[in-house]
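In our numbering, the protein residues as written are 44 to 620.
Source of the hints: derived by calculation from the structure; they are not laboratory data.
The structure displayed is predicted, hence computed values, not measured ones.
One or more hints might be untrue.
Derived DSSO-like pairs (lysine-lysine); straight-line CA-CA distance at most 27 Å [as the list claims (entries may be wrong)]:
1. Lys232 <-> Lys220
2. Lys155 <-> Lys131
3. Lys50 <-> Lys224
4. Lys132 <-> Lys220
5. Lys224 <-> Lys285
6. Lys220 <-> Lys131
7. Lys232 <-> Lys282
8. Lys220 <-> Lys50
9. Lys88 <-> Lys65
10. Lys285 <-> Lys220
11. Lys232 <-> Lys50
12. Lys282 <-> Lys224
13. Lys220 <-> Lys282
14. Lys232 <-> Lys285
15. Lys132 <-> Lys155
16. Lys50 <-> Lys282
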Amino acid sequence: MVTLFQKTYDRMFDRVMNLLPKGDVAEVWSFDDRTTRLEMEAEAKSRGITLRARSAYKPLVNAFLEEIDLSDVTAVSVSYPVSPFADKKRFRLEAYPLAALVGSRSFELQPKAPVEDLCYEVNLSIGSDIHTRTIYAPNRVYVDLTGQNVLSPTGWLRVPERGLNQRIETDFEEIYKDAMKIIAAHGWKSDAPFFEELNVSVQLPQMDLPLPPLDESMSLREALHEDLYFSALEYFTLKSGKMLGDRNVRPGQIVPEITFATGRPELSIELRPYDRRARGGEAQPLDEAQQAAGEAQIVTELNSLRGETLTCETVAGRLVHARYLQGSDAPVLISGGQHANETSGIVGALRAARILSTSASSHFTVIPCENPDGYALQGRLSAENPSHMSHAARYTALGDDLEYRSVSDEALIFEKRLRVQTRRQTGAGLHINLHGYPAHEWTRPLTGYVPRGFPAWMIPKGFFLILRHHEEARPEAMALLDHVTRRLASLKDLMAMNRRQHALFETHAGPNGLTLVNGFPCMVTVGNDGLYPVTLITEYPDETLYGAPFVAAHTVQMEAVLAAYQAWQEILRPGLT
Numbered sequence: 044m045v046t047l048f049q050k051t052y053d054r055m056f057d058r059v060m061n062l063l064p065k066g067d068v069a070e071v072w073s074f075d076d077r078t079t080r081l082e083m084e085a086e087a088k089s090r091g092i093t094l095r096a097r098s099a100y101k102p103l104v105n106a107f108l109e110e111i112d113l114s115d116v117t118a119v120s121v122s123y124p125v126s127p128f129a130d131k132k133r134f135r136l137e138a139y140p141l142a143a144l145v146g147s148r149s150f151e152l153q154p155k156a157p158v159e160d161l162c163y164e165v166n167l168s169i170g171s172d173i174h175t176r177t178i179y180a181p182n183r184v185y186v187d188l189t190g191q192n193v194l195s196p197t198g199w200l201r202v203p204e205r206g207l208n209q210r211i212e213t214d215f216e217e218i219y220k221d222a223m224k225i226i227a228a229h230g231w232k233s234d235a236p237f238f239e240e241l242n243v244s245v246q247l248p249q250m251d252l253p254l255p256p257l258d259e260s261m262s263l264r265e266a267l268h269e270d271l272y273f274s275a276l277e278y279f280t281l282k283s284g285k286m287l288g289d290r291n292v293r294p295g296q297i298v299p300e301i302t303f304a305t306g307r308p309e310l311s312i313e314l315r316p317y318d319r320r321a322r323g324g325e326a327q328p329l330d331e332a333q334q335a336a337g338e339a340q341i342v343t344e345l346n347s348l349r350g351e352t353l354t355c356e357t358v359a360g361r362l363v364h365a366r367y368l369q370g371s372d373a374p375v376l377i378s379g380g381q382h383a384n385e386t387s388g389i390v391g392a393l394r395a396a397r398i399l400s401t402s403a404s405s406h407f408t409v410i411p412c413e414n415p416d417g418y419a420l421q422g423r424l425s426a427e428n429p430s431h432m433s434h435a436a437r438y439t440a441l442g443d444d445l446e447y448r449s450v451s452d453e454a455l456i457f458e459k460r461l462r463v464q465t466r467r468q469t470g471a472g473l474h475i476n477l478h479g480y481p482a483h484e485w486t487r488p489l490t491g492y493v494p495r496g497f498p499a500w501m502i503p504k505g506f507f508l509i510l511r512h513h514e515e516a517r518p519e520a521m522a523l524l525d526h527v528t529r530r531l532a533s534l535k536d537l538m539a540m541n542r543r544q545h546a547l548f549e550t551h552a553g554p555n556g557l558t559l560v561n562g563f564p565c566m567v568t569v570g571n572d573g574l575y576p577v578t579l580i581t582e583y584p585d586e587t588l589y590g591a592p593f594v595a596a597h598t599v600q601m602e603a604v605l606a607a608y609q610a611w612q613e614i615l616r617p618g619l620t
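Assemble the whole structure, with the sequences as input and the hints as a guide.
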């Protein structure tokens, strides 16, 4: 282990107190939780200072939670700012999930004309009167490590009587700035991978804020994890001479660990060897699994199936486990866990495989967890922060997306080997690839708020399908989609969830970009570069689900597999040998 950097930071609490003499009347915006900001106000009062401490993160939503009384309000209208330095919907997105928080009241969001002042204008209808509130959203424009201008929330201080109206760097921002500066300045070797684990540990005193009745929360610690992980990945992408968004970058495993701790914030950056510990977890009844399955249970469930055991090795030395069941049906590949923080597909794949295995004619390979290195990391991160989406666990320990590895690169194929082997040995024409995405809002506040490259994924929009197929496989692919969507559209609870999430998504983000097939949301793309002629990808908003919502997620994943497998047999039956 090599330590690159360690530092303890003054809290924003202390920075503000040191700037305000007795008698000041001030407003401050910071990246602190509500409890800390109330303590700041109380401490200021004890010193003879009148202070209002507000949140720099999602200031509109926090204003409704903390300052705006909706008890007599019948309608809410919000005009949001538009900046030339950001997506025109940036502040509309930042208002999420306000449309749900106002309940059954009439609600509308509309853009303002572009102005320099970044303020929301809120109109509250009370009887025949309209009450107007102005909500300031402090931001700054700066150039990040990718060379792009970004408009990001920032700390701010106002003392009108002294003419102060200026940015103040918060501890939260300084930690991010220092971490990225150290990473960029380090003397990395010329060729990737640059490390095994790059660990960025931060201790922060910010508590998460749940937002009932939604499966939502506001988490500054989660937001910092996302910003540090993706910013570091972007840096190494450019250092590797690749374009932003390239998923074939292999820097190593980038691991921001953001933990709660009282006192002054701390940052430590270390180079570590791979953590090769197995992912633990108590065995659960699979059909009622309340959370992600442990590694041992995945292997046990596979071993309970008839057929042939298949394995391959990851760069960290873990095994990818699979099972091949040969029968008279048309062969199919079923996989989950390509992105290892998307955990419902792993259980869904195992449940479907167990059901399919009861038929002697079934012919399939199941790889329930394709990315065990990422899956072990997801378990490690969720032990401290179970409600965080932990995108550092998304890709492999090399830092890349295994989907994009070249099948001709034998030295670096690792986890993808079983996909290639299944295609070559069985001739399977269908790959059912179970995925998920965030079950609550995904933000990167310090690099423009909207996750770069993933704007369509930042707000849940229900369960949907992505169909990818070779041009010559179009008839079979479209028939498959017709069969599967008919079956899924019959699941009443699933469709009700989709309607709720679609409505909230479209209020804050606009049209979801999906096409309805038999009333079910889908996306279809054509290309001949896929390993399999037809790939059906499921997308369930599962990251961070537990309990009954997690059971619902892996049940739907199972239903999708069973529907697709059955449909594929019906489509190809005339040609079976």
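Hint check:
Under the criterion of a C-alpha separation no larger than 27 Å, the hint pairing lysine 232 with lysine 220 is consistent with the structure, at around 23 Å. Restraint check for lysine 155 and lysine 131: satisfied, since their Cα atoms lie roughly 10 Å apart, inside the 27 Å limit. Restraint check: the Cα-Cα separation between lysine 50 and lysine 224 comes to about 13 Å, which is no more than 27 Å; the hinted pair holds. Note on lysine 132 and lysine 220: the hinted pairing holds, with a Cα-Cα distance of about 26 Å set against a maximum of 27 Å.
The hinted pair formed by lysine 224 and lysine 285 meets the criterion: a straight-line CA distance of about 20 Å does not exceed 27 Å. The straight-line distance between the Cα atoms of lysine 220 and lysine 131 is roughly 26 Å, inside the 27 Å bound, and the hint therefore holds. A hinted pair counts as satisfied when its Cα atoms are at most 27 Å apart, and lysine 232 with lysine 282 qualifies at roughly 11 Å. For the suggested pair lysine 220 and lysine 50, the alpha carbons sit about 12 Å apart, so the restraint of at most 27 Å is met.
Note on lysine 88 and lysine 65: the hinted pairing holds, with a Cα-Cα distance of about 9 Å set against a maximum of 27 Å. Taking the CA atoms of lysine 285 and lysine 220, the gap is near 23 Å; set against the 27 Å cutoff, the hint holds. Distance hint between lysine 232 and lysine 50 is fulfilled; the C-alpha atoms sit about 25 Å from each other, no more than 27 Å. Simply put, lysine 282 and lysine 224 have alpha-carbon atoms about 14 Å apart, close enough for the 27 Å limit, and the pair holds.
Among the hinted pairs, lysine 220 with lysine 282 is consistent with the structure: their alpha-carbon atoms are about 18 Å apart, no more than 27 Å. The straight-line distance between the Cα atoms of lysine 232 and lysine 285 is roughly 16 Å, inside the 27 Å bound, and the hint therefore holds. The hinted pair formed by lysine 132 and lysine 155 meets the criterion: a straight-line CA distance of about 11 Å does not exceed 27 Å. For a cut-off of 27 Å, the pair hint linking lysine 50 to lysine 282 stands: about 26 Å separates their Cα positions.
Of the hints listed earlier, there is not a single one the structure fails to meet.
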